[in-house]
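Each chain is listed here by its residues.
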Amino acid sequence: MHASNVKYRLGKSYGFQILTYVLAFACVIPLLAILFFIIKAGITKINWHFLVNVPKPVGETGGGIANALVGSILIIIVAAIIAIPIGILAGIYLSENRKSRLAYWCRLSTDILQGVPSIVIGIVAYFWLVKPLGKFSALSGSVALAIMMLPIVVRSTEETLKLLPDSLKEAALALGMPFHRVIFKVIVPVGISGILSGVMLSIARITGETAPLLFTAFGNPYLSTNLTQPMQSLPLLIFNYATSPYNDWHDLAWGASLILLLWVLFLNIFTKLITRKWKVQL
Amino acid sequence: MESTIIKSRNFNASFGTNHVVKNVNIDIPRNHVIAVMGPSGCGKTTYLRCINRMHELIPGATCNGEMKLNDENIYEMHPIFVRLKIGMVFQRPNPFPNLSIYDNVIAGYKLNGVKLPKAERDRIVEHSLTRVALWNEVKDSLNKKGSFLSGGQQQRLCIARAVAMEPEVLLFDEPTSALDPISTSTVEELFHELKVNYTLIIVTHNMQQAARVSDKTAFFYMGELVEYDETKIMFTNPKDNRTQNYITGRFS
Amino acid sequence: MAQIETELQLLKTEAVNMWTLVNSQLSKARQAFLNFDKDLAREVVLKEKRVNGSELKIDRDCENIFALFCPVAIDLRFLLAVLKINSNLERIGDIAEGIAKYIIDAEVPFSKELLEVTRVLPMYEEAVNMLEDTQAAFEKEDTILARSVFKKDDFLDGINKASNKVLENHLKEHPEDTPQALWLLSIIRKLERVGDQSKNVAEEIIFYLEAKVLKHSKKFA
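Residue numbers (the numbering used here), protein chains in the order written: chain E, 1 to 282; chain G, 1001 to 1252; chain P, 2001 to 2221.
Certain hints may be false.
Said to hold, decoys possible - Beta-carbon label-pair distances, calculated as ranges:
(1) P:Lys2212 with G:Arg1250: 32 to 40 Å
(2) G:Asn1025 with E:Arg98: 33 to 41 Å
(3) E:Ile73 with G:Leu1116: 39 to 47 Å
(4) G:Asn1245 with E:Phe184: 47 to 55 Å
(5) P:Ser2217 with G:Arg1250: 52 to 60 Å
(6) G:Glu1137 with E:Arg98: 34 to 42 Å
As the list claims (entries may be wrong) - BS3-like, lysine-lysine: derived pairs with alpha carbons at most 27 Å apart:
(7) G:Lys1145 with E:Lys169
(8) G:Lys1145 with G:Lys1110
(9) E:Lys185 with G:Lys1110
Unchecked claim - For the chain G half of the interface with chain P, some residues (derived, Cβ under 8 Å), not all of them:
(10) Ser1014
(11) Phe1235
(12) Thr1236
Think of the hints as simulated: they come from the structure by calculation, not from any bench.
Glycine is no exception: its CB is placed at the ideal position from the N, C-alpha and C atoms.
Taking the hints into account, I'd like the entire structure generated from these sequences.
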């Protein structure tokens, strides 16, 4: 081994280290850029007035995104109510039955469903709920979003419960517990942090989904809490107002983008916190 | 007069086509400590799990033959009732990690939805923890989680949890193989005290442990019950050559 | 307490009981010898069965403890010592029975002069003391007391060695005492063996407590 050869290889190794640092940093750049850009554009638009008023008709200044905020919250809550119980129970079934045929098909469908484009889900919801009922509704939007939430909840529940040691179940069974109690009083409580983080992540995911809501919730210029009527939501508002020719509406779109971004950011951080706090030390 | 609490006649158990417990006939006397020993794969753990009907929970597991608790056929009773009368302690200590020590001890009641007045619950917890010589060590930290205890203490907590259900029989599946020597001897000392109120059946691959703690020993080999006798006789003058070869370490 | 400790405690108690039993046998034989009490001598012979039974039980218990508990270190030495002490004590018991049998078979008591000149009475007393000392040493785990037994054995050896010459001289004067002298010589020999057995017991006690093997070596007092 020549000294120069060694030097060259050391230099190469060092260069490679530098490269990995640079590229890792490069991954953070898009997020920072987006945050910076949106905060800069939207921060001036946000005030209390902005949050509690509905958009004013074109030409009038002022207005806010109250209807979209309320609408988003309502649609997501209903979607969660639909998807969470089904998702968790399905996840429990899959973790308990590794080898049955039903489990195989269930897993397969969940995986495929996860890959279905969101707009296709929106169209399907349109044909299932909007057309027969004859009108757009928040409920149909919730159903579409619930379908999108389902695979995430199912898979994360299954994975969390699969990681729990068998000894936990055995201990419970040996105490004379019937199976449903073993699941709901022992297994689920121990895995609750994993299940909850799956739920939170699925909510964070659907918060910003626009395409499924396009032909289901459709949007509404007024504040509405009626689930059987069209309802406004943040992504819809951003979509419609950002592409409109009015500056006032552009401002609203920027403000709404910032709100949406903060919401998603907050959800992710919150998920990390509760996962750590509620995680059961096995 | 000795009465038999658990009786097996022509008992067999299999995993699918794999016949792991062959034609076992055994009488377990009340308030004794019975050790079940044998090399790996001899069927001793499977047999143990058949007693409290945990074996059948494995997909494809079957068994047949007679297994009686106090002259009632275990396999004609509801499995839940069987497990309330026959408790089990496992190899790795497994207290419920999300419950406090207090809640762990009465887990059998609480998680089964049995509502007890606080005084009764307190009594059961104190009584069970005293029975396993753990009360003085944990009485000031009953609300802490069980996972902060040492291995030996956790295992005693699991025994307390089983004892709290007031079973008649306690099954132990290699209860000290995951513990250090000092914790092991603390747990072994418990067996002598526990047998006053319960019948203990202990599966162990450590034959010195079988010699130290049990009144009678059963030696399993390749699924068969080769010899079953008083421990003193098993270890000074066993009748079967296979037993002698096993305990003198001559098995290859 | 660990189970092995309980078992060892029980064994110790059994050994001490055996000691007491053998001691009483030896002492009773001495009383019978002193007072020419044939009834007492017969008691000793009958009780010999108990001594044998006790030896068997202690042997079996040692075997069980070895098998079940695999003792090590001081526990192991204790068991090995008890095994050997057990057979030593049993032999002392045999000797006591032998002496008692002589008393039963003897027709007339020994003459005072003979007894005095051979110094058999102090010898007997010292033999009993040695046995008592070893018992105390065992119970109290006292190695100093155990070591004191060796010197006493020298005393017994001295009397034994001198006995030949002493009796020879006596018989020159009193040849009619010959049968008695022969009995007495046997008894002296037996007592010397009691001394040896007690010495062996003391060696075992020191082995158990100090892990020192004093067998077959020159001892210092």
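Hint check results:
1. P:Lys2212 with G:Arg1250: 32 to 40 Å: Once the Cβ atoms are compared, 35 Å apart, the range 32 to 40 Å for arginine 1250 (chain G) and lysine 2212 (chain P) holds.
2. G:Asn1025 with E:Arg98: 33 to 41 Å: holds, 36 Å
3. E:Ile73 with G:Leu1116: 39 to 47 Å: For leucine 1116 (chain G) against isoleucine 73 (chain E), whose Cβ atoms are near 43 Å apart, the range 39 to 47 Å holds.
4. G:Asn1245 with E:Phe184: 47 to 55 Å: holds, 50 Å
5. P:Ser2217 with G:Arg1250: 52 to 60 Å: For arginine 1250 (chain G) against serine 2217 (chain P), whose Cβ atoms are near 38 Å apart, the range 52 to 60 Å is violated.
6. G:Glu1137 with E:Arg98: 34 to 42 Å: holds, 40 Å
7. G:Lys1145 with E:Lys169: Holds - the C-alpha atoms of lysine 169 (chain E) and lysine 1145 (chain G) are around 18 Å apart, at most 27 Å.
8. G:Lys1145 with G:Lys1110: The hint holds at about 16 Å.
9. E:Lys185 with G:Lys1110: With Cα atoms ~9 Å apart, lysine 185 (chain E) and lysine 1110 (chain G) stay inside 27 Å; holds.
10. Ser1014: violated, 35 Å
11. Phe1235: Holds. Min distance 4 Å.
12. Thr1236: holds, 5 Å
Checked against the numbered hints given earlier, the structure breaks hints 5, 10 and satisfies all the rest.
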